[in-house]
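Asker: Could you slot chain B onto chain A? The hints should help.
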Amino acid sequence: MALDSQEIQVQALNAKDVPLDSSLVAAIKGGDQAAFEQLFFDYHPALIRFANSITRSRELSRDTVQDVFLKIWRNREHWSIHTSLKVYLYQSVRNQALNLLEKQKNRYKLKESLQVDYAMHISAWEDGFQKKLDLPEDDARLVMNIWMMVEKMPTRRKMVFELHRKDGLSYKEIAKVLDLSVKTVENHMGQAIKFLRDQLTQEKNSR
Amino acid sequence: MQAELLARYLSKDCTAQEYLEVERWLRLSEDNVETLKMYEKIWKRSLDLTMLDGITDSNLDWSVLQSRIEAEELNSETTKPKLIQTRSRTAYDNISYFSRIAAILTLVLLVGYYGSQFFEQPENVEIEPVLKEISMKKGQRGSVTLSDGTLVSLNSESTITLPNTFKSDVREVYLEGEAFFEVARNEDKPFLIYVNGTVVEVLGTSFAVRAFPDDEMVRTTVVEGLVSFREENERIEEGVLLSAGDLGEFNTKKNRISKEKVKSLAPYLSWKEGYLTFEKATMYEVKKQLERKYDIQVLFAEKDIELLELTAELKSRSLRNVLETISLSLNLSFNLDQEVVEFKKLP
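Protein chains in written order, with numbering that gives the first Met the number 0: chain A, 0 to 206; chain B, 0 to 346.
Isolated chain B, as found in the complex:
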């Protein structure tokens, strides 16, 4: 077995196919299992390397940087007319105060971390988690940085619920709606997303999940890394493994999970950049997304408009432009009145 593939396997950076290839190789002989065990040990222990690094005094360097900035700004004030507002003394004092707090906090964390390994811990002190809920309304998008460094971009009308403090062995969150995750690597603490009867377990890095309450499907698309997608309470082997370019779909009515390679991930990701992309989407789907994004109401003068299929990249910031593009490509007209838009078939 190639070391390169094993390294990718260990870092969960391999494709689903390679993952299975390694699993197959493991079943071939006891020796292979031993070999991998050795690799895994090295892999895991190499994480402890950081502990051997000397402690860096960030606080000292921060104050040096502050004085360099101060000096520069003073200089520019004497030569140029006052473009930059000078900070008040108190504001500056606040900053150094905060940096001191930050330093103390870091210290407390370090001591706490290393300390916790010296002191005996009472067993089973999992405290009942306090849950926090973060929601985006219609017309809003937002991003959340979690304590572990994971970045979550939330689409309109989406909610993420997470505990105040992650458990010691796993990071669990609950999602309703649509979100894009860039999960901070932590091989010892898997990241799990519970969404409408399914669970998405992250083995690698970034991917998107879509499951609005009125959607029949829960969809997961992977940009980078490896993701396990399965029904709640199932084990990894029972679900599907998704790698870059894969779309996993769970049909909530039929309780069936499937995966396919998609030509383009854009329709699942462009909301994150602030625009919509459709690939043969029905106007029924387009209506839902427009309403969500622009906080408007969409009406169809004729009921069968909702069956029309749209393929378009709607990059314009102006709602009117977006509506025009849609109308043009489907041979419709529209009327925009306040927060209500009505599409009509052209005679």
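The shape of chain A in the complex, shown without the other chains:
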């Protein structure tokens, strides 16, 4: 696939200057709006998904992610990151999502939204998602099954698994974002794939 044409930004610093930060962060601190826009579009979809896994509400997730970006821009001059940019963003989204949830505490809504999401995916399957995935039927069904099994995992485990598989975070990064030890993350990942394998083997045998 020849779509990922290189777009390269180079930022050169003189040795006597400040230490090299991520160039994007430095630009935003300096008030560069194009850089801020780039940051937004680079991370928005992934952060929305992550917020969704915590809040279980599309609206709350949109608010969460917006608040995070608004705060970054508002305090850009004093913005400092002690970890990687990615970890910082996921951490902020988690904190803000928990804040907003605390304010709302609407359990009923939470449940309802869960069911809607689930139904949506079933119907997605009926709508011929298999074709869109462009996989042999068995593989497409496997993707679908994995997705539904993931939904059945305990929340923490599901988050860990999704952050790794969907967002490409490393174990270390996941540990920082979710405030867990790396050992715990490793444990969740192990349990997650074991759970998937057991469930899927069972399904295969019963068919």
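Quick caveat, the hints were computed from the structure, so don't treat them as lab data.
Treat the hints loosely; a few may be bogus.
Stated by the list, open to error - Derived lysine to any residue pairs resembling SDA-like cross-links, with alpha carbons at most 25 Å apart:
| hint | chain 1 | residue 1 | chain 2 | residue 2 |
| --- | --- | --- | --- | --- |
| 1 | A | 165 | B | 222 |
| 2 | B | 188 | A | 167 |
| 3 | B | 43 | A | 156 |
| 4 | A | 151 | B | 1 |
| 5 | A | 182 | B | 222 |
| 6 | A | 175 | B | 263 |
Claimed, not checked - Just the calculated beta-carbon pair ranges, DEER-fashion:
| hint | chain 1 | residue 1 | chain 2 | residue 2 | range |
| --- | --- | --- | --- | --- | --- |
| 7 | A | 200 | B | 260 | 32 to 42 Å |
| 8 | A | 81 | B | 173 | 31 to 41 Å |
| 9 | A | 80 | B | 254 | 35 to 45 Å |
| 10 | B | 46 | A | 151 | 12 to 22 Å |
| 11 | A | 78 | B | 231 | 35 to 45 Å |
| 12 | A | 98 | B | 236 | 45 to 55 Å |
| 13 | A | 80 | B | 130 | 42 to 52 Å |
Unchecked claim - Partial list, computed: chain A residues near chain B (C-beta under 10 Å):
| hint | residue |
| --- | --- |
| 14 | 40 |
| 15 | 43 |
| 16 | 44 |
| 17 | 61 |
| 18 | 65 |
| 19 | 68 |
| 20 | 82 |
| 21 | 142 |
| 22 | 145 |
| 23 | 167 |
| 24 | 171 |
| 25 | 187 |
| 26 | 194 |
Think of the CB as a built atom: it goes at the ideal place given N, C-alpha and C, for glycine as much as any other residue.
Answerer: Frame of chain A, contents of chain B only:
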């Protein structure tokens, strides 16, 4: 076999030792091979999960965010004296114009991506790659973000060459000098760095490579994840596997590759943060690094100064302070004149 270890193995987050442990376990029985195959299938397919997520309208949220920012800035302008320069209308128009472009581009990419799976592709259309070269001069450092999200920090006097577009199955770059890589995860598209007769293949995440033209050694140090380091044209099994804390060295004269655990990675990474760290480095080595970093010329009044060994962390931003620290710890004096510094032994 523990699921935890297998998960680490699948995500290439295991140590070299664990990697070999899994390979050994695989050789034990056919069943084990089957089990791993099942895991690998689940692992690979779970990547397709993203496709099932609904499409997020980033563009809509961006405009909402813009108006919130606008509103805030208007507010602060009425209450406070004008601290922030107001944007001109046209500048703002440009921004929304760009965001529209970004949205269209995203769409084109999505359509292109999904679309490419519907339309039959003519076979073998690998286009001759156009190579791009990015260089840092003496006294400069810089960083490059590649299209796949990989971040490359380049040290002074270092060059990275990469194709305009990565091939479909592999990401290949060429390096001369020193660089630190934080490679974006993509298990289906390995990341390869060709450097002075060797190849560094990334199985995990971040690590540094050093091979200046006048270096006898090609050095790779790993911060996180798993890296395969070997001679060009060799297979993974023939090289060494490096995990966090490992230093791999290839001797270009003897064509020999070796690995060891190092006490501290600082000497190989501190350039990235803007300072130098030396651990029993000869002044010959120190001279090369000073010249590179500060774009100066270093002279020794007595030839055997270059054999002295320095252990130091030179965090000061001022060149003069750095030179003073070196002189003090080695009992030398120095004279700095414009771009030339000369070290002399104290009587």
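Asker: Does each hint fit the structure? Answer for all of them.
Answerer: Results for each hint:
1. With a C-alpha separation of about 23 Å, the suggested pairing of residue 165(A) with residue 222(B) holds against the 25 Å cut-off.
2. Between residue 188(B) and residue 167(A) the CA atoms are separated by roughly 14 Å; this keeps the pair inside 25 Å, and the hint holds.
3. Proximity of residue 43(B) to residue 156(A) is assessed by CA-CA distance (about 18 Å); at most 25 Å being required, the pair is judged to hold.
4. This hinted pair checks out: residue 151(A) and residue 1(B) have alpha carbons roughly 22 Å apart, not beyond 25 Å.
5. For the hint linking residue 182(A) to residue 222(B), the alpha-carbon distance of about 18 Å falls within 25 Å, and the restraint holds.
6. A C-alpha spacing of about 23 Å is found between residue 175(A) and residue 263(B), which places the hinted pair at or below 25 Å, so the restraint holds.
7. The hinted range of 32 to 42 Å is satisfied by residue 200(A) and residue 260(B), whose Cβ atoms lie roughly 40 Å apart.
8. Here the CB-CB span from residue 81(A) to residue 173(B) is close to 33 Å, well matched to the stated 31 to 41 Å.
9. A hinted range of 35 to 45 Å for the beta carbons of residue 80(A) and residue 254(B) is consistent with their spacing of about 43 Å.
10. Hint check: residue 46(B) to residue 151(A), Cβ distance near 19 Å, so the stated range 12 to 22 Å holds.
11. Under the hint 35 to 45 Å, the C-beta atoms of residue 78(A) and residue 231(B), about 43 Å apart, fit the expected range.
12. For residue 98(A) and residue 236(B), the Cβ-Cβ distance of about 51 Å falls inside the hinted range of 45 to 55 Å, so the restraint holds.
13. Separated by about 33 Å at the C-beta atoms, residue 80(A) and residue 130(B) break the suggested range of 42 to 52 Å.
14. With a least beta-carbon distance of about 5 Å to chain B, the hint placing residue 40(A) at the interface is held under the 10 Å criterion.
15. Taking 10 Å as the C-beta cut-off, the interface hint given for residue 43(A) holds, the closest approach to chain B being about 4 Å.
16. With a least beta-carbon distance of about 4 Å to chain B, the hint placing residue 44(A) at the interface is held under the 10 Å criterion.
17. A hinted interface residue such as residue 61(A) counts as satisfied when its beta carbon comes closer than 10 Å to some beta carbon of chain B; here the least separation is about 6 Å, so the hint holds.
18. The beta carbon of residue 65(A) is positioned within 10 Å of a beta carbon in chain B (closest approach about 5 Å), and the interface hint is therefore held.
19. This hint holds: residue 68(A) has a C-beta 6 Å from the nearest C-beta of chain B, less than the 10 Å allowed.
20. Given hint, residue 82(A) at the interface with chain B, is violated; its Cβ is 13 Å from that chain's nearest Cβ, farther than 10 Å.
21. Satisfaction of the interface hint for residue 142(A) is found here, the shortest Cβ-Cβ separation to chain B being roughly 5 Å, below the 10 Å cut-off.
22. Checking residue 145(A) against chain B by beta carbon gives a least distance of about 5 Å; that is within 10 Å, so the hint holds.
23. For residue 167(A), the interface hint holds, since its Cβ comes within 10 Å of a Cβ in chain B; the closest pair sits about 4 Å apart.
24. With a cut of 10 Å, the hint placing residue 171(A) at the interface with chain B holds, because the nearest CB-to-CB distance is about 6 Å.
25. The criterion of a C-beta within 10 Å of any C-beta in chain B is met by residue 187(A), whose closest approach is roughly 9 Å, and the hint holds.
26. Because the beta carbon of residue 194(A) sits about 9 Å from the nearest beta carbon in chain B, less than 10 Å, this interface hint is met.
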